[in-house]
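The chain contents come next:
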Amino acid sequence: MNKILQILNLKTYFFASDEKTNKEIVLKAVDDVSLDVYEDEILGIVGESGSGKTVTAQSIMQLIPEPSGKIMSGEILYKGEDVLKKKGEDLRKIRGKEIAYIFQETYTSLNPVITVEEQICEVITTHLDKSYEEAAKISVELLVSMGIKDAAERIKDYPHQFSGGMRQRIALAMALAANPSLLIADEPTTMLDVTIQKQILDLLVSFKKNKVLTSVIFITHNLGLVAKYCDRVAVMYAGKIQEVSPVAELIKTPLHPYTKGLLYASAFIKDKDNKVYIIPGNTPSLKELPQGCKFCNRCTETIDKCFKDEPELIEIKPNHFVRCHLYNNE
Amino acid sequence: MNKLFEIKDLSVKYSSTKKVFGSRQKYADAVEGVNFDFVKGEVLGIVGESGSGKSTVSRCLLSLIKHIDKSSIVSGSVTYNDGTKSLDLLKTKGKELKNVRKKIQGVFQDPDSSMNQRLTAGKIIEEPLLNLTDLNKQEREEKIKAVLQKCGLSEYDINKYPNEFSAGQKQRICIARALVVEPEILIADEPLSSLDISIQAQILNLFADLKEKYNLSIIFITHDLNIVKVFCDRIIVMQNGKIVEQGITSEVLANPKDEYTKTLFTSNITL
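Sequence order for the protein chains is A and B. When we follow numbering that gives the first Met the number 0, the leftmost residue of the first sequence carries the number 0, and every step to the right adds one. When we follow numbering that gives the first Met the number 0, the leftmost residue of the second sequence carries the number 0, and every step to the right adds one.
Because the hints were derived from the structure by calculation, they are not lab data. Do not take every clue at face value.
Quick list of in silico lysine to aspartate or glutamate cross-link-like pairs, EDC-like style, CA-CA up to 16 Å [unchecked claim]:
(1) LYS197(A) <-> GLU48(B)
(2) LYS274(A) <-> GLU48(B)
(3) LYS261(B) <-> ASP192(A)
(4) LYS2(A) <-> ASP230(A)
(5) LYS2(A) <-> ASP39(A)
(6) LYS96(A) <-> GLU121(A)
Remember, predicted model here, so these are calculated numbers, not experimental data.
Construct the entire structure; sequences and hints are all you get.
Put into C-alpha cells, the structure is as follows:
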C-alpha cells in the first residue's frame, strides 16, 4: 500500500520558564515520533490528555503557536514532499486543499459573525477556481450530503443558530469543501452526545467509502470508537508512540502494559474485589518524566532495565510495533 | 423498603426569553410529569442526552432550581423522607431547608467552576460545615482531615489552592466537600465526564468505596452507559424531559423496551 503521509523523527517542543528558579524548561510534547499513514485507511491516535496526540496533528498543519512552541526537527512527507519546508503561499495550497482539519470545539472553529454560507464558500473560492455563485451551490450540496434539512435556507444562518451536532456537520462540510485527500479529525465527537456521535462518525466513514476522502487520522481517547471505526491505531504516551498495530490485533492482544491498562480502564472491568481496574498513578507532567521508560512509574510489569534505558519501538509481529523491554529479547 | 425520595408529577418550565416591558413571557418545558422513587442504599442512574432534563431533575432534588433560574415554574412534588417525617422539598424554606441540605449533597461535572479558585482546599471543604453545622474550629479541622483522607488526599493538601491539583484531585476535593457533613444522599451530576479515562475509573472506585464508608444512597447522572452498567442498581432513561423507561439496570440493558432506549444503547460503543 502507498503511504500518503510519512512522519519521520518529528520533535515538537514547548518552552516554559520554571516559576521558582526562573530557568527555561523544555517540554517535549512530541519526542521523536515516526508514523505512516497509508492510502485508504483510518488511522486512530489514542492516549490520555497531554500525551502529544493533538500536537502531532497540529505539527502536520504547522499550527504550533510560536515562539512558545517549535518544531525542532523531523520531516513530514505528504505524497513525498516535505510539508514542514513549505511556507506562505505554498503552505496555503496544502492546508484545506490537500489536508483538512476538524477540531473538537465547533464553538471556536467556526466564525460566529459570518454566515455558514460565507464560511464554506471561502474555502471553495480560495482553493478551487470557482465564482461565489458556483461555490454557494456546491456548499448547499455539501450540507445536503451532511444530512442537514432545508440546507438551502439554513445556509444563510449563523453558527449559533445550529446545535452542537449540526455545527460539527458544518465543520465537516467545510473541511471537505476543497476535496482534500487527508482529513485530520481531532476529537471531533468528544463534546457530543452518543447518538449524535454515531451519526457523525458513520458519515465520516461513508465519505471514505465513497472515495471522497483517501485517508483519515482520527484522534480520540475513546478506545471503543477506535475499535469500531479505525483500521490501524497508534497509542501515544508522554510524547512518544508506545504501540502501533492493526486495530483487531491491538484489541485482542495488546502488548504494551499501558495499552492493556487503557483497554481495561475504558471497559470498566471489575476485578475480584469488585473494584474497577485502574492504571495506577496520574497522567504525567512533561516536566517530571522518569528516566528510562516513560511509563515505568505507573507500570505493573516492570523489570530492572525499565528504570535505566528507554526501550526502542520494535516490530514484534508484522505491522505490530511496541516500545517495551518485555518484548525485546536480545 | 425505605423510600428516600418520592417524586410525583414533577414539571419544570424555564423562561426562554427575557421579558421586555409588556411582552409575553415564553417558557420551555425542561421536565414534564416525571414520577419515580428512590430507595435507601441504592445507586440510581439517570441517563439521556443533553437537553433531556436529567440535570434539571437533579437541581430539583438539591433544591437549587430556584437559585439557578428565579423565573422558572416548578410544579408537582419532591417528597423527601428522612425516616421520621416527610417534607416537600419544593416548598421547604429557611432553617428546615438547611437541615435538609445536611442530608442531601451534590457533586457536579466541572470541578473548576464548582469551587472558588481563591480559597484553599481546606477552606472549600470547611464551608458546608460553617453554614450547616455549629462545630467549633478544632472539630471542623478534624472533620476536614478525616474526609480528605477518605477521599484519597492527604491532610497536607489543606493549604493548597485548586490550581495546584490535577483534574482528578479537584474532583476528589468536590466529593470531600459534599461528604464532610455526612449526608445520606449524594447526587452526582456527570462527575466523570470532564476527566481522562484512567482517572474516571479511579473516581468511580472512590464513589463505590465511599458508598460503603458513609452508607450512602447515590443518584448518578451520566450519559455513559458503560458506567451505568458497572455502578448502578437501577436506571432511568430520559428523553425530552420525560422518563421513557426505568427498571433494574441488568434487565433494561438486556431487554430495552422503548424505541429511544434502543437507539441510545446501539449508539453506545463498547469494546
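Right, here's what the structure says about each hint:
With a C-alpha separation of about 13 Å, the suggested pair LYS197(A) and GLU48(B) falls inside the 16 Å cut-off, and the hint holds. Between LYS274(A) and GLU48(B), the direct Cα distance comes to roughly 27 Å. Violation of the 16 Å bound is thereby established for this hinted pair. At most 16 Å may separate the alpha-carbon atoms for a hinted pair to count; LYS261(B) and ASP192(A) meet this at roughly 15 Å. Proximity of LYS2(A) to ASP230(A) is assessed by CA-CA distance (about 14 Å); at most 16 Å being required, the pair is judged to hold.
Restraint check: the Cα-Cα separation between LYS2(A) and ASP39(A) comes to about 9 Å, which is no more than 16 Å; the hinted pair holds. In summary, the hint linking LYS96(A) to GLU121(A) is supported, as the alpha carbons are separated by about 12 Å, within the 16 Å threshold.
Checked against the numbered hints above, the structure violates only hint 2.
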